[in-house]
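Number of protein chains: 2
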Amino acid sequence: MKRITSFLFSCLLSSGILFAQQGITQCGVPTGQSPFPVTVYAELPDPVKPLAQEWTAIKTPHISWGSTDVRYAKHVVPKLKQQNVLRLKAWRGERVNAQAVVWAGSEVSNLNCSLSEFKNNKGELLPAEAWSIGFIRYVMTDELNKDGKGACGHRSDHSLYDSLLVADPIDHVIESVPLTAMTTQPVWVKCQIPQSVAPGIYKGDLLVRDGERLLGKLKLELQISGRVLPVPSEWAYHLDLWQNPFAVARYYQVPLWSQAHLDAMRPLMKMLADAGQKIITASIMHKPWNGQTEDFFETMVTWMKRADGTWSFDYTVFDRWVEFMMNVGIDRQINCYSMVPWELSFQYFDQATNSLKSVKTAPGEKEYEDMWVAMLSSFSQHLREKGWFDICTIAMDERPMEVMQKTLEVIRKADPEFKVSLAGNYHAEIEPALYDYCISIGQEFPADVRMRRASEKKPTTYYTSCAEAYPNTFTFSDPAEAAWMSFYSAQKQLNGYLRWAYNSWPLEPLLDSRFRTWAGGDTYLVYPGARSSIRFEKLLEGIQAHEKITLLRKEFLDKGNKTGWKKIEKMLSTFRLENFPDIPAAVTVNHANEILNSF
Amino acid sequence: MKRITSFLFSCLLSSGILFAQQGITQCGVPTGQSPFPVTVYAELPDPVKPLAQEWTAIKTPHISWGSTDVRYAKHVVPKLKQQNVLRLKAWRGERVNAQAVVWAGSEVSNLNCSLSEFKNNKGELLPAEAWSIGFIRYVMTDELNKDGKGACGHRSDHSLYDSLLVADPIDHVIESVPLTAMTTQPVWVKCQIPQSVAPGIYKGDLLVRDGERLLGKLKLELQISGRVLPVPSEWAYHLDLWQNPFAVARYYQVPLWSQAHLDAMRPLMKMLADAGQKIITASIMHKPWNGQTEDFFETMVTWMKRADGTWSFDYTVFDRWVEFMMNVGIDRQINCYSMVPWELSFQYFDQATNSLKSVKTAPGEKEYEDMWVAMLSSFSQHLREKGWFDICTIAMDERPMEVMQKTLEVIRKADPEFKVSLAGNYHAEIEPALYDYCISIGQEFPADVRMRRASEKKPTTYYTSCAEAYPNTFTFSDPAEAAWMSFYSAQKQLNGYLRWAYNSWPLEPLLDSRFRTWAGGDTYLVYPGARSSIRFEKLLEGIQAHEKITLLRKEFLDKGNKTGWKKIEKMLSTFRLENFPDIPAAVTVNHANEILNSF
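In order, the protein sequence lines correspond to chains A and B. For the first sequence, our numbering assigns the number 169 to the initial residue and increments by one for each residue that follows. For the second sequence, our numbering assigns the number 169 to the initial residue and increments by one for each residue that follows.
Any given hint could be a false lead.
If several chains are the same, the list does not tell them apart, and a pair holds so long as it fits within one copy or across any two.
[To be verified] Derived DSSO-like pairs (lysine-lysine); straight-line CA-CA distance at most 27 angstroms:
#1 K525 - K473
#2 K554 - K473
#3 K581 - K716
#4 K287 - K314
#5 K660 - K528
#6 K722 - K738
#7 K247 - K528
#8 K257 - K722
#9 K287 - K358
#10 K387 - K727
#11 K287 - K738
#12 K227 - K371
#13 K625 - K554
#14 K287 - K554
Treat the hints as calculated values from the structure; they're not laboratory data.
Taking the hints into account, I'd like the entire structure generated from these sequences.
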């Protein structure tokens, strides 16, 4: 028995091990339920047990507005000042969030929430469809590396890290929850303000009930300005969160690229489109990142070496994916990974032997050039036929300079008009050759380069990864850090932000955000069932702010409004990497939002 | 050490295990030389040691004509009556064989043989190119099953069977051999008589030397009749020895379907064409015989299930193989295996997952029908474009009647004009649907069926396999049994003969003819380096006789020569299965040949 227990609770490094009856998380924790839940599911037990004496004062269920900047712990009495009225400011077209908190010393068997009508003083309504309510759920996470300097590296033994249950997923799927005694239940309230609504203050209530019985209500006032935020598809913001369709197929247990697979992805990718995503992540070869995620990226291009020695390529999967994403609304750019994968090994179907084979070859070698010139020539022709050539980039991650230069030569040889993108360090030598250039947060584009790139309409962005302790979007990160990202991008006059993983889910992402490498949540921002998260909503808050800044800057420039311009730049100057971890991101972000909403 | 020894000498059931420096045979015997020799090689040690007292009388090297019906043992003094003159009869265009034997009590360091000029009494020459000389080599074999009733089944432990070194390969590659003391060395002399030569008796000598020193000479007289045997490509004989191109690629260590692969196969397949082979063996799916041979048959048709769910087929390999074989001279028929493989599992490349997948489905099921109708429709179109449709057959091995009937339905659904072939039992129910029908030697075609099939120009043949103890073509079989086959075929008025394995080589076919199943030599008739064998030459002797009989029967029928006709039928009636094993095949065959050469 001991051996089995130890097997179950130690972190499994191999993947996909499932019991017939019950799921098991990446870290070997049995989930006590069927694998891969999509609708109703139970959270993992909270390692933190409620302190009975703390809860004795809580006789009846308590209800208060909280802050969207806080992850309220599940079994701790929330430390907040009772707040019955919440006032929010927003532009028309903007999405705004609020977080209410319910906590109870004794059981609430059927907690549910609803909203009253929201009216302005002329009696005009904010339509009910604008609103959504979701219960915050709790997911297991770990922590930064022990040196506090980031979260990279392998985590072969999770017992070396703190395990804690954190508030992150926003569950819009369930309509009510049972609340056990001594439990806190946050509630996420979101309003997608229609662009057409009349400016003004709209007032209404959040009603909290146990079954039919009203437990209490909280007032919400939404002050909507005359300004209008465009729809996400029109945002200038260059959002690049890499999608992983393979994780969805595995989690939903549907055949790759089947209609069921597309159907499962649609709400998830629609959520991404609604956040302003502009780029389709495409894998044009087998394992561009050497299978670093639970579900590795398979090639969307079929590589075949024919028995006569010629190469043949088929784009059925690639087309299916791109057309699906465009249909969902993500249609501005296609980034194709990778000519320089993390392991320089290229798999193909070998017709002669009717088997999959791999060739190890590197930029600079004849075999590499022959193979990639054949591929890119064929690809270029296909993209041009599809009318996608101009929005497609051959995408690289950071590689040694010499390798990238040799890669660029091969691309030019195949088709000199190919656009190229890079996520890596800043390199003056190759910058002119890069269309979409994304550098690490710690680095800087020279001002003249950035300005020239802007005039050439080349996307110029930055990214964060496991390397940063702060700001980041781990499941335990301060939620405001996600919003902070885009203010920082605006300050640097960059077009947006990139993160490598929108949904590279671990085995049981709803239950356990930990993975075999990096800190919890590094590999994904959203959850199965197209559930959003505190992180993702705060990221969107920042993106909207960036878009507002872009519009205001243009307006102030056009109108010569120096006061307004200076106010924005001064506000942005408060976003400094050196703030972390001493000044909470929320302080800077909330102050900045106030200023933005003052115009 | 013991463990290693036991590993080395026990029969390895897994395949392909090689040491870097030295080959190892299928039965785990280290070969003491590099794996897969093509030119010079050393035979395995003879388990039979020479008896010194037997050899004491043999002071100088002895030389005599022997018989092509005998496999002379390597270390035994040959039991033969000294014969200095050999007289052979033949038609023009025929190939004739002779076997000389050299044996020596003491070492002959550099044994070599040559031929003098061969002249008739008018001084006309048989050209030197007509002749070839090869040394008989020795290969390891085993024996029939212990019950003597055949040689089928698994042979997991070869120590249960006799191991003996037998004379079989004919080595034309080496020009001389060193003869150790107390060794017998047979020499194979072959003449491909030109069709254009003048009839008459041609006389010459076989000269046997040690280096430059003449050891002796043997006289050979070739009596050539006025009759002419057509060239093999014009023979009516339907010879169907299944080719295994995969064994050649592995043995020669060349990439499948590369030019080097075709080059390695060319002399081997040319030898087959010269024996009158009419049929190209093609595999149209993965492992038609479930990998029963050392080198399994891979599909020559690329099966791809596209991500949109449709099937796609590519014929690059199939075309390459068929065109190669046609170029070699085997161009009358293409038999395509198999819609009913031994394991009803069908492998394909799955584009969506970029992997090889298998589907288990059987005739009668919708999935089977959908898949095969798609394949055969595509295949039919391809074959028609190539102009091969009329010579192509969809080929089956014996399956339960119901399965074969359902298979035929699917074929008809895809293209009712497809020809079908079967190697199996006789079934009246499906006989009309079968173009090329080959039954087991023990079975009979009803006379009316056989005659109708002949009038419809449908090939009707029989086969032998491991099931027969006699006649057969194991490496230890009486050589004349190989010739016997075709006389029997002629007696039954059949068009030819089928055997399932021309060259499904075991690991080291030149050294050890044993395999993990069946008796030694069951899986192949010829050797690497395009070396013929005693078995193959005797098989060809029978094929030539069958062709002669076909010609003579036609002539006697046309000319109303009842005496000749009866003489042939009487001769053929002596070929009875019941003769075995009491009457040696050589007795019947040699008598029959005398009669054939009397016309």
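Problem set entry | Intra- versus inter-copy proximity for K473 and K525 (alpha-carbon distance at most 27 angstroms) | Classified as both: same-chain Cα gap 9 angstroms, cross-chain 19 angstroms, threshold 27 angstroms.
Exercise. Can you tell me if K581 and K716 fall within 27 angstroms by alpha carbon in one copy, between copies, both or neither?
Worked result: neither (42 angstroms within a copy, 65 angstroms between copies)
Exercise. How do K554 and K473 come out at 27 angstroms by Cα distance, when the copy is not named: within, between, both, or neither?
Worked result: both (24 angstroms within a copy, 23 angstroms between copies)
For this session: If the cutoff is 27 angstroms on CA atoms, where do K287 and K738 land: within, between, both or neither? Let me know, please.
Result: The answer is neither: 36 angstroms in one copy and 114 angstroms across copies each exceed 27 angstroms.
Problem set entry | Homo-oligomer pair classification [K528, K247; C-alpha up to 27 angstroms] | Neither: 57 angstroms inside a chain and 61 angstroms across chains, both beyond 27 angstroms.
Exercise. Using 27 angstroms as the alpha-carbon threshold, which applies to K287 and K554: within, between, both, or neither?
Worked result: Neither. Shortest intra-copy (48 angstroms) and inter-copy (77 angstroms) distances fail the 27 angstroms Cα cut-off.
Exercise. Using 27 angstroms as the alpha-carbon threshold, which applies to K625 and K554: within, between, both, or neither?
Worked result: within (23 angstroms within a copy, 54 angstroms between copies)
Problem set entry | Intra- versus inter-copy proximity for K727 and K387 (alpha-carbon distance at most 27 angstroms) | Classified as neither: same-chain Cα gap 38 angstroms, cross-chain 118 angstroms, threshold 27 angstroms.
Exercise. When no copy is named, should K722 and K738 be tagged within, between, both, or neither for a Cα gap of at most 27 angstroms?
Worked result: within (16 angstroms within a copy, 110 angstroms between copies)
Problem set entry | Intra/inter-copy verdict for K660 and K528 if alpha-carbon distance must be at most 27 angstroms | neither (40 angstroms within a copy, 59 angstroms between copies)
For this session: Check K257 against K722 for me: Cα-Cα at most 27 angstroms, and say if that holds within a copy, between copies, both or neither.
Result: Within one copy only: 22 angstroms inside, 107 angstroms across.
Problem set entry | Intra- versus inter-copy proximity for K314 and K287 (alpha-carbon distance at most 27 angstroms) | This pair counts as neither: shortest intra-copy Cα distance 51 angstroms, inter-copy 98 angstroms.
Checked against the numbered hints given earlier, this structure breaks hints 3, 4, 5, 7, 10, 11, 12 and 14; the rest are met.
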